[in-house]
Amino acid sequence: MLQVVAQKRRGAFELNAQFELPTPGVVGLFGRSGCGKSTLVNVIAGLLEADRGRVALDEAVLLDTARRIDLPPERRRIGYVFQDARLFPHLSVAANLHYAQRRAKVPPFVGIDLVADLLDLGVLMHRRTHQLSGGERQRVAIGRALLTQPSLLLLDEPLASLDASRREEVLPYLETLRDQLAIPMVYVSHDFDEVLRLATHLVLMEAGKTIAQGNLNDMSLNPHLRAIVGADAVGAVVDATVLGPDPDSGLLRVRVGSGELKVHAANAIVGAKLRVQLLARDLIVATQPPQHLSVRNSLSGVITAIMDDAGDSDLVGVDIGGTVIMARVTKAATRELGLAPQLPVWALVKTVSLRPHPI
Amino acid sequence: MWLSANESEALALSLSVASRSVLFSLPFAVLSAWVLTRRQFVGRTVVDAFVHLPLVLPPVVIGYLLLLLFGARGPIGGWLERAFGIELIFTRNGAALATAVMSFPLMVRAMRISLENVDRGLEDAARTLGAGVLDRFATITLPLMLPGVLAGAITAFCAALGEFGAVITFVSNIPGETRTLPLALYSALQTPGGDGAAARLAVISCLLGLSGLLLSEWFARRVRRMLGH
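For the protein sequence lines, the chains are A and B, in the order given.
Taking this note's numbering, the leading residue of the first sequence gets 1, the next gets one more, and so forth.
Taking this note's numbering, the leading residue of the second sequence gets 1001, the next gets one more, and so forth.
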């Protein structure tokens, strides 16, 4: 369990944050630029002094202002990947990696070979850091942080300075780390797509405060999220289990709640977990079983709640068998269909609007 | 060689004094630059002003103060002689001390400019990788401020070659011991018929200064390339 409490006043800005993360896990620290995410991460790393705070990882207390415990960053065993990589310009890639490994405080469980393998650093080893592309720099920075044998990895917007294609180039490596090394991570981002692909938990921040937290599925329904990601990006994030290929369509059948979806996904193994976001704007609600439609996916469920969305629309929560999804409908539709809690409904979604991610 | 015995003696002595002066002041200059750039403490402005004092004082005043402090009966000079047998007055080491004090601000300035350009984020990154304060300084800060250290050392070396007032006040003008190029030039001008000798010494000084500057430029370029700029 990672426990973080941090308070810090800096001029007009006030940080007042508190969150917990079951370990191992990846917590996405999510909020608009300037909401205090980096400040919080710097307090966790020890690079910034907190007025009051506590940082504890399992049994190890790294900071507890009440008990006057405050380990310096060099003794916290926290790996930190900065937005700007911060590779040492006077050292080669290999020397940057050795720099971290030589200073590791515990016997290595992550060696240079493993890091080079996980992050494809082999061909980069003898390059100078200024010869690397943005994506390569971040991969080296991630490798360097791992070689300190960290008990916690902080990633402060590691992809924010990369363009979309470079981002796509680095993301799979981060997914590999999450799946192959059991190192808890704090992943800071203002891009919900990244959080969606990497995080198991989500902490929302606004104006220096942590305003909501929980596992990703629950948090995807949280009304606070809408204010940050915008109405169009609101939608339930659900876990899906691969059932197998659908021979007729060439799509992949996955189980969601007690229903079934067909999605586009490459070579997934039966039983594997996928994460799917069902955007509220892409869902259609029907009060009768649908017929004669091109829509491939129909999930039956029961309305849990009707929430007022901004303007002339409502968000309809539908329990599809232990999992809740959300659809946006106009208030007129709510009225005409007589949508209300406990009403059985069918939620329809086009296969082409689904983007499954491996988890 | 086409230098006279006196000229090569003065040239060799100048080089010897300037080298000693730079070697002696280098570690103190690095420390001062680091403290003045990276540390916040009460009295920082006073220390800063103190370091820059030789730039604004007449060199004769520095020579005089050195005489008071490091002379045979001065508090530091007397102790140095009793404890270590080190004599400064009327010696080339004394000349080196005088030039070191005079060129110190130039050295510190060059290093500070370089140090201010070292990204503190890199030092923070080194911290998170487990490097303590001395470790960080030796492995990150110092290598990255190396262009400034070299520039400072070379500037100070060239300035040391030309220091006159503080040297002649503190250690006098002794041939073969403290009569460096500028002092030899001055002596030549004081001697009837010494115009020709003075002109030759002036040309030697010019050539020396010029090659120093060219060398410094060449070094700076090499180091910049090494640091990946």
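Hint data in this document are derived by calculation from the structure and do not stem from the laboratory.
Just to be clear, a hint being listed does not mean it is correct.
Incomplete in silico selection of chain B near chain A, CB under 10 Å [said to hold, decoys possible]:
#1 1043
#2 1045
#3 1119
#4 1122
#5 1127
#6 1130
#7 1132
#8 1136
#9 1138
#10 1139
#11 1140
#12 1143
#13 1144
#14 1146
#15 1154
Beta carbons: idealized from backbone N, C-alpha and C, even for Gly.
Against the structure, the hints come out as follows:
1. With a cut of 10 Å, the hint placing residue 1043 of chain B at the interface with chain A is violated, because the nearest CB-to-CB distance is about 23 Å.
2. Nearest Cβ of chain A to the Cβ of residue 1045 of chain B: about 24 Å, over the 10 Å cut. The hint is violated.
3. Nearest Cβ of chain A to the Cβ of residue 1119 of chain B: about 8 Å, under the 10 Å cut. The hint holds.
4. Here the hint on residue 1122 of chain B is kept, as its CB sits about 6 Å from the closest CB of chain A, short of 10 Å.
5. Against a cut-off of 10 Å between C-beta atoms, the interface hint on residue 1127 of chain B holds, since the closest Cβ of chain A lies about 4 Å away.
6. A least Cβ separation of about 3 Å between residue 1130 of chain B and chain A falls short of the 10 Å threshold, and the interface hint therefore holds.
7. With its C-beta approaching chain A no nearer than about 6 Å, residue 1132 of chain B sits inside the 10 Å limit, and its interface hint holds.
8. Checking residue 1136 of chain B against chain A: minimum C-beta separation of about 8 Å stays under 10 Å; hint holds.
9. Evaluation of the residue 1138 of chain B hint against chain A yields a violated restraint, the C-beta minimum of about 12 Å exceeding 10 Å.
10. With a cut of 10 Å, the hint placing residue 1139 of chain B at the interface with chain A holds, because the nearest CB-to-CB distance is about 7 Å.
11. Because the closest C-beta pair between residue 1140 of chain B and chain A is about 6 Å apart, less than 10 Å, the hint holds.
12. A cut of 10 Å between beta carbons decides the hint on residue 1143 of chain B: the least distance to chain A is about 5 Å, and the hint holds.
13. Here the hint on residue 1144 of chain B is kept, as its CB sits about 6 Å from the closest CB of chain A, short of 10 Å.
14. For residue 1146 of chain B, the interface hint holds, the least distance from its beta-carbon to any beta-carbon of chain A being 8 Å, beneath 10 Å.
15. With its C-beta approaching chain A no nearer than about 20 Å, residue 1154 of chain B sits outside the 10 Å limit, and its interface hint is violated.
The earlier numbered hints that this structure contradicts are 1, 2, 9, 15.
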